[in-house]
Amino acid sequence: MDKSISTLTESVADIHDGAVLMIGGFGGSGSPIELIHTLIDRFRETGSPKDVTVINNNAGNGFVGIAAMIKAGMVKKMICSFPRSSNAEAFNEKFLADEIELELVPQGTLAERIRAAGAGIPAFYTPTSFGTELAIGKPTEEFDGKHYVQERWLKADFAIVKGQLGDKHGNLTYRLAGRNFNPLMCMAADVTIAQVSDLVEAGGIDPEQVITPGIFVDHVVEVKSPQQEEILVRTGAVH
Amino acid sequence: MDKSISTLTESVADIHDGAVLMIGGFGGSGSPIELIHTLIDRFRETGSPKDVTVINNNAGNGFVGIAAMIKAGMVKKMICSFPRSSNAEAFNEKFLADEIELELVPQGTLAERIRAAGAGIPAFYTPTSFGTELAIGKPTEEFDGKHYVQERWLKADFAIVKGQLGDKHGNLTYRLAGRNFNPLMCMAADVTIAQVSDLVEAGGIDPEQVITPGIFVDHVVEVKSPQQEEILVRTGAVH
Amino acid sequence: MTYTKLTNAQIAWRAAQDIEDGAYVNLGIGFPEMVAKFQPEGREAVFHTENGVLGFGQAPAEGSEDWDLINAGKKAITLKPGASFFHHADSFAMVRGGHLDVAILGAYQIAQNGDLANWRVGSKGVPAVGGAMDLVHGAKRVAVITDHVTKDGKPKLVETCTFPLTGVGCVTRVYTSLAVVDIEGGKFVLREKLSDISMDELQALTGATLHTDGPVADLSVPEL
Amino acid sequence: MTYTKLTNAQIAWRAAQDIEDGAYVNLGIGFPEMVAKFQPEGREAVFHTENGVLGFGQAPAEGSEDWDLINAGKKAITLKPGASFFHHADSFAMVRGGHLDVAILGAYQIAQNGDLANWRVGSKGVPAVGGAMDLVHGAKRVAVITDHVTKDGKPKLVETCTFPLTGVGCVTRVYTSLAVVDIEGGKFVLREKLSDISMDELQALTGATLHTDGPVADLSVPEL
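Residue numbers (the numbering used here), protein chains in the order written: chain S, 29 to 267; chain U, 29 to 267; chain C, 6 to 229; chain D, 6 to 229.
Note that these hints are calculated values from the structure, not bench results. A few of these clues could be false.
[As the list claims (entries may be wrong)] When the alpha-carbon atoms are kept at most 25 Å apart in a straight line, the in silico SDA-like pairs for lysine to any residue are as follows:
| hint | chain 1 | residue 1 | chain 2 | residue 2 |
| --- | --- | --- | --- | --- |
| 1 | S | Lys166 | U | Lys105 |
| 2 | D | Lys79 | U | Arg112 |
| 3 | S | Lys183 | S | Asp45 |
| 4 | U | Lys104 | U | Gly159 |
| 5 | U | Lys105 | D | Pro169 |
| 6 | S | Lys183 | C | Pro132 |
| 7 | S | Lys196 | D | Glu49 |
| 8 | D | Lys145 | U | His175 |
| 9 | U | Lys183 | S | Gly173 |
| 10 | D | Lys42 | D | Gly68 |
| 11 | C | Lys10 | C | Thr217 |
| 12 | C | Lys85 | C | Pro132 |
| 13 | D | Lys80 | U | His175 |
Quantities reported herein were computed from a predicted structural model and do not represent experimental measurements.
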């Protein structure tokens, strides 16, 4: 049982054309920037993976990370809650030119749909979005006099996430608010690839402090001193 | 912001006749035995709280804890997954004499119904119990060619749980497998009362290691060196 | 016009006065974040941010930001004692599950039945919704802070929202630059107004009937 | 009868041979727990228990139990390196969400369409279900270990279950005291049988037709 992979390149090698890809992080917090950039490099060299659907809360900022994926032309569709933000030109331009699809999902519904996929719950009811245009076409139901919208699980072929500690069994911890969507995405993808700042032996993480149990993680790759996406965005870095 | 309460007696004083009461723990692991016994003492002295509905995975063992509650005659109904076990005579006798109601729920469905209550999800679909007698009367639905049963959230008036560390904001950690249902029940009850082995000031628990954030907890009472229910059962202790 | 409308800071100050000691509070991105600055002496609210932090404090000094420690507006934050981290599903369990005492949001329009429109003004451009639709159906109390009218002078308090809805019948109190208005039984009920504005002037700036069911107090705020 | 049926330990041993290296495994309470003892050399399975532990090991020495560290059968356990704790909803997310590679359960009856009855034999007494109904619809592979017949000699492999169901069409392989039987396309397909039992004898002890779609291997196990 050793889920560690020695290179970033190997770790994302199986991500295929048309893959549905969950990418952890919220803004620059907990964003697996090295994994994303490795995937972009592969696309630039080989033309693959193309036509990827990306699931993330946002749609990238600046010229790095998801924004750079979009700019590079490898993203067919975004599923997110908040694509509109400062420095989101990469998405904006493609969207306004009708070159990228958008499925807009309320943030809590996005989180819960991902968790539902991980938990084997094909559908659930939420009050969120009832009576709004984001509920159009969705079944509704009344429970105890209140109205709810039925939402479906959201699965992915791959998830790429960023952890702090990772062990060879795939157990993960996260740094501060970098946790965000990462543990949920680990549950919801067929294959989960985690970059971690420190890769330790099994037993190197206190069992009570594991946030993502290894059963949800397939591959772990160590990236010591990872870059912080927010700083890259603020300094105008381009990938 | 100080959720600490100095005595066990005060901490359970508001639990009223007819209350729906979630009790954390799985067997003796994570069972808030001192809170339970304090509640029994109150019932014996005052006749209240009576007609309580108890939600727990089991229905008590031996002559302590939930079994002692049942034996004392304060429990109207059990909602649980596994009432049949060794030393479960207290429940068995009442059940076979038709003196206690039982709602039997598959274990994972029980956990998910409690979590759903805490998360504001009134209903969800699960494959569990489809085609069995435990699904009778429940709506079913087909998603992607598979059959699912609709389950409703499960709420409580009160939850009593056992933590390891607790701070004055109500943040909790748990000991080993004592975690089990405790964090879920904290989310699903109107009022949550936690006994903890060590009560610390706010800031005394690393924010990354909090398992139950204080928003889910109303009262914290310190019980140093709590008793372990399993040992009480094995030694034939009677409360 | 013989009155001076409240500044954003003063609106935020007024909203802050209604937050009780020990309340769990979510403040929308932007203007509502300002409410945190005006917690009354002796009261301690706990602030929640959707991305997974409870108990955060003010922004760190410039240059000492840790960009793994941010709020839903992606601004750097600090932690107070008793803070905790959790993932997004737990964070929205707090929201949707009714665990927050109050959410304070901005608005494009608020209808007299409590409908809120605050995420989109039309069908052009890039839409973005974030956590607003969850917050309006989760917090025990959903309040709005806003200028009383739009930049071009149109009412924001209306009979029926014309912009896309964020939520149906969810708002119960609106703090504006001119008044404090409750929503009860499908009506706007005026609670407080600037002493210098007349009822007629205020009604003229409001897109639906302002009702009263008792004395209307002066909306009185400090210089800020 | 010229054959000797397998002991429980031998049935458990046979089931253990099909568990791959690195597999995540849930073993039902009681007899199935025995499977853990017979992991083949060089393979490492990770055992899950519903109450919220992944990566547990054998029982501790008597007297050194920590009763906060137990499995779903409420037996004391120990941890292996790489273990983790989680709450019940996360634990059943692992189950229901298809993250376990295999679940091995006991049975009262197994029908040729994969239906399983293992929680209740009638309508009398105190019913108890536990996590069985979740496990049968969660794990990627659901296998049963059981004596081939009941204590009074009745078939456990049947056309249709007469006892209350645990799950519909969920079992894909049955390890019995006489044979290894797959369930495919609504049929029992015999894969292995004790060399000393004839097809006729085996069929006579089975409540539904045993099909073959190729050679039937010898069910061969060590002395245990």
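| said: Output the indices of the hints that this structure fails to meet, ascending. | reply: 1, 4, 12 and 13
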